[in-house]
Amino acid sequence: MNKVVANADEAVKDIPDNAVLMLGGFGLCGIPENSIAALIRKGVKGLTCISNNAGVDDFGIGLMLQTRQVKKMISSYVGENAEFERQLLSGELEVELIPQGTLATRCMMAGYGIPAFFTPAGVGTEIAEGKETRVFDGKEYLMEYAFKSDFAIVKAWKGDTAGNLIYRGTARNFNPMMAMAGKITIAEVEELVPEGALDPNEIHTAGIFVNRIFKGEKYEKRIEQRTVRRS
Amino acid sequence: MNKVVANADEAVKDIPDNAVLMLGGFGLCGIPENSIAALIRKGVKGLTCISNNAGVDDFGIGLMLQTRQVKKMISSYVGENAEFERQLLSGELEVELIPQGTLATRCMMAGYGIPAFFTPAGVGTEIAEGKETRVFDGKEYLMEYAFKSDFAIVKAWKGDTAGNLIYRGTARNFNPMMAMAGKITIAEVEELVPEGALDPNEIHTAGIFVNRIFKGEKYEKRIEQRTVRRS
Amino acid sequence: MALTKEQIAQRIAKELKNGYYVNLGIGIPTLVANYIPKGIDVVLQSENGLLGMGPFPTEEEVDADFINAGKQTITTLPGSVIFDSAYSFGMIRSQRIDLTVLGAMEVSQNGDIANWKIPGKLIKGMGGAMDLVASAKNIIVTMMQTNPKGESKLLPECTLPLTGKKCIQRVLTDLGFYEIKDGAFHLTEIAPGVTVDEVKAKTAGKLVVSATLKTIEV
Amino acid sequence: MALTKEQIAQRIAKELKNGYYVNLGIGIPTLVANYIPKGIDVVLQSENGLLGMGPFPTEEEVDADFINAGKQTITTLPGSVIFDSAYSFGMIRSQRIDLTVLGAMEVSQNGDIANWKIPGKLIKGMGGAMDLVASAKNIIVTMMQTNPKGESKLLPECTLPLTGKKCIQRVLTDLGFYEIKDGAFHLTEIAPGVTVDEVKAKTAGKLVVSATLKTIEV
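Residue numbers (the numbering used here), protein chains in the order written: chain C, 1 to 231; chain F, 1001 to 1231; chain G, 2001 to 2218; chain B, 3001 to 3218.
Just so you know, these hints were derived from the structure itself, not from any lab.
Values in this document were obtained by computation on a predicted structure and should not be read as measured data.
Cβ atoms here follow ideal geometry from the backbone N, Cα and C, with glycine treated the same way.
Any given hint could be a false lead.
Said to hold, decoys possible - Facing chain C, according to a computed beta carbon distance under 7 angstroms, are these residues of chain B, among others: (1) Gln3072; (2) Lys3165; (3) Lys3214.
Unchecked claim - Quick look at which bits of chain C chain G covers, simulated, 3 or more residues with Cβ under 8 angstroms: (4) 105-116; (5) 157-166; (6) 202-212.
Extracted from the complex, chain C is given alone in its bound form:
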């Protein structure tokens, strides 16, 4: 089972204008750097991006904001980004804010083939407006839907040619759920290995969910908040 494509440009080449994308990562941690760069080179427009954050001005999804490729962000937290603010205030950019756990779970449910589920997050807040509510065991819940997306783009640490993925540290975050949730899933990895090189017991994402995989180049792995202690 060989899902390897040559590079990021090849992987994203059929993503059309106005596509709905999922992009893995939390902050700048575990984001598909190479695929974002390829999307910018390709110049695809009008994107809806489901991603927990929107990057910073000069890294991550922030780069696609600079080039005005994003029509709408669906995120839980979008601070730390001046260009984002400007586009939002000017009305160039739509934003839909979703509680982080709901965001993660709506991705997961897409991968699990479960169209809707109930969560207490947002009950009694503006997030609940227009949503069906329901009481279970005396507690109120909102009904939330699985996301629909055209492409999911994730970043893993190691992957094999069959698309099996292993993430590293907290760079895992949203990547495993999004990998399960795309109509087409693209995975970029730091290390691409042959089938059989990964222990079947240690794989985080099964290759069945991954349509294309490639080895990314020169990961910058930008750090947003470098906090250190004295050694």
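Assemble the complex: chain C is given as a structure, and chains F, G and B must be docked to it using the hints.
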């Protein structure tokens, strides 16, 4: 964080009569052998067991059927068990059959704090009787509820003293979801190691879900269908 | 001549395409694994939690921690993945399985299927069958055309409790290959040496013989 | 004297019990980690996907793949576990977190909380706050008693958009520790040197002074 108890008897000592238990395993693979033996020694009665299968006559949950400790089985498949058949036909034992994917997902949802969800399994069949149905994107789904259980008893390969677990091979099956779903979760392991001995990236069940852990003795690991090829 | 079980499996194997993920039920479907065409790379899913099911182990390789959905000891292959049962049915429900092959007791001309329960007989349970039939996008049901009493298993309506409703599009029996559409069994392929009259006699449901009827190559 | 941020953190740290799993929000709550009592074994959860958060790394240890929910570089500890964000909020929703500490802009006497959005100001988003407040069984909200304009943040009703409704039972400010019940803030502990009159003046919501009012030890 030390969750180690001395042995199986200690782990199950407060399981009362009429408790609702989840028991991990698929067939005889990955079942909590030591805990089942301790439940038999303890002689607790009237149990409701949520488990994909009911063991065979002389192994697994089948042993608890011999001792008439089980009031009700909630399973997806209960063949291969003569005592089970006898008790079922005589009305001594109640059985609730649930599609395997629904069974797995109802465990998972309990661990995820999601009280209800929608699945297509069983639509239009007797499984759907009395259940709410709903159409999403033109397809009909049943609303199913998260399980409630008093104790979940799982079997892992390796575990650390904080309750973090790693399973091996297809002995994983229902164990990770059930581990998340018990009010009290008991884990028995083949190898008990100190905190720090397991790679944080390779752990399948986070210790936060596990209340008690112990090293099981003399795993028999009975094989139900020994199928071999010529070497 | 009606097809043998092996010939049924061989015919199904021709439906396999390169890159397919396949779930094979217990019985005849399992035999399909023996006839995967050369050069066709398929991955077998076992719903208890394995993708990339290998052959049975040798005596030395037998490991109780590695079994398939039929509880048989099996092996893994390079590229195999292990996962829990919820994740496994996640991939089934979200339609990542390209082909599902399963047995049945009855199929109706509306695509209903019954394969888990016979009233009056001891119930063993549906296992994963209800999840599979309700979720899979591409299912082939395979069974004998008639039951041991000689009664047709292709019916106007199922008489046994259903496993799934309006979910089956294709059935392969020992006598023919059928497409279910517009409330009828459309015979598209027939076993060599079997006559259309024999098929008609053994199909209780509405039968339409395809204008392009072919003989199954064996 | 009103409590300093460090003193607030110290007081909260006294609520920690051996074996607690704890989620600490950004700001004052994070400081609690500095005052975990000796002999008390607690595990810090970071909702982006880590249980067992360690201290900041040394320069040499800095690793971009290891960050906390505040996007700060962190380390792991023996016994740490990494998981995905859905699993992380799974443990939050199923109430495995024993104590959640978070900041707020406003709290109402009914237990409503507002801490994510100020109309007219740029919205950054709620992150995990709505999931946490709706799910946690044991929450301490910590904040200054008044905003920079001197207006009380303990209100009859929140004026800002809510993060959660009727979910807060305990609030610790620089002036006092409150239990919210029966539609009122019950002052159970007061900062040393602060008078009940000052608390009254700075509490817009209904205030009840506990008969067993204690002074917070600092």
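Against the structure, the hints come out as follows:
1. Gln3072: 4 angstroms, holds
2. Lys3165: 3 angstroms, holds
3. Lys3214: 33 angstroms, violated
4. 105-116: Since 5 is at least three, the answer is holds.
5. 157-166: Result for this restraint: holds, n = 4.
6. 202-212: holds (count 5)
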